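Model the full assembly from the supplied sequences, consistent with the hints where possible.
In terms of my numbering, the sequence shown is residues 1 to 280.
It is worth saying that the hints were derived from the structure and are not from the lab. Predicted, not measured: the structure shown is a model, and the values here were computed from it. From the three backbone atoms N, C-alpha and C, an ideal C-beta is built for every residue, glycine too. Treat the hints loosely; a few may be bogus.
Stated by the list, open to error - Simulated pairs of lysine-lysine, DSSO-like, Cα-Cα distance not exceeding 27 Å:
hint: 1; residue 1: K186; residue 2: K276
hint: 2; residue 1: K151; residue 2: K101
hint: 3; residue 1: K151; residue 2: K186
hint: 4; residue 1: K257; residue 2: K276
To be verified - Label-pair distances were calculated between CB atoms; the ranges are:
hint: 5; residue 1: E66; residue 2: Q240; range: 56 to 62 Å
hint: 6; residue 1: R55; residue 2: E21; range: 21 to 27 Å
hint: 7; residue 1: S49; residue 2: A129; range: 19 to 25 Å
hint: 8; residue 1: R89; residue 2: A109; range: 18 to 24 Å
hint: 9; residue 1: P98; residue 2: R174; range: 19 to 25 Å
hint: 10; residue 1: E4; residue 2: A125; range: 45 to 51 Å
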Amino acid sequence: MTGERALVTLTIGDDYQALFESRLRANWQAYAARHDYDLVVFDRPLDDSARAQARSPAWQKCLIFERPELTHYRQLVWIDSDIVLNIDRAPAVGATVPDDKVGGVDAYAMPTPEIFAEVLARMYAAWRAMGAAFLDSSTPDLFYRNRGLAKGPERVMHTGVLVASPRHHARLFRTVYDGYEDQGGKLANYEWAPLSAEIVAGGHAHWLDCRFNLILSDQIAHHYPFLHGNLFAPVLAQGQEAAAQALQRLVFDACLKAIYDNAYFLHFSGLADLLKDFRP
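In structure tokens form, the structure reads like this:
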């Protein structure tokens, strides 16, 4: 490992490891080779304390910047282990990020704040109809307040893809890891709110093109809401359910490929099962 930059992720548990090895490692390795990045995958906890075991491994992304084997890198690119990289389209993710800044995507500006607000409202309506539990995050202020932070900054950085420097930011990430508890667990998205708040409020943020962390569920809600049903069931005769499902799968795969083609990094957040059959 001799490059200036590395892609880093954490895969804890047999299911996560199997999915990464079978569907993502070759994809990430090809991207890394194209842009002269190293690839580092941790498959064991970076912290095995009782506190760490009591909360999600997602928090441990905050520890990579102080790992002795990684401190020589100029920049590290943290990527959640459910993201597919568009090898043919994606430029080098860290190329525009100054060493003293943390690069990430504005979660409320994908692709614009106005459109994202409409998409979020559409998703909330669907979740209410299903009786699904969720935290109202209609605005950045509500995002932070409903996750236990009384006063947050005006923007939210998504923490699924982060570009940062061990030299400049190890202390920042350690402060988040040590200083905040896991309030709300999965429903509150673990480390996301406190890590975003510290990065943005501290003046560390450098905003990346939203295509570097394009959220699949958001894209489906925005462009392809019909994928939540079966388009063909109403027009096929009784007994042709299998045919309807096969046709719907063809449509779904075509839409998924279109979303991928428009992304640099496509994030299957909450939809990781779809990765098992996805072919870029």
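Evaluated hints:
{"no.": "1", "hint": "K186 - K276", "result": "22 Å, holds"}
{"no.": "2", "hint": "K151 - K101", "result": "22 Å, holds"}
{"no.": "3", "hint": "K151 - K186", "result": "21 Å, holds"}
{"no.": "4", "hint": "K257 - K276", "result": "14 Å, holds"}
{"no.": "5", "hint": "E66 - Q240: 56 to 62 Å", "result": "58 Å, holds"}
{"no.": "6", "hint": "R55 - E21: 21 to 27 Å", "result": "25 Å, holds"}
{"no.": "7", "hint": "S49 - A129: 19 to 25 Å", "result": "41 Å, violated"}
{"no.": "8", "hint": "R89 - A109: 18 to 24 Å", "result": "20 Å, holds"}
{"no.": "9", "hint": "P98 - R174: 19 to 25 Å", "result": "21 Å, holds"}
{"no.": "10", "hint": "E4 - A125: 45 to 51 Å", "result": "46 Å, holds"}
The structure shown violates just one earlier hint, number 7.
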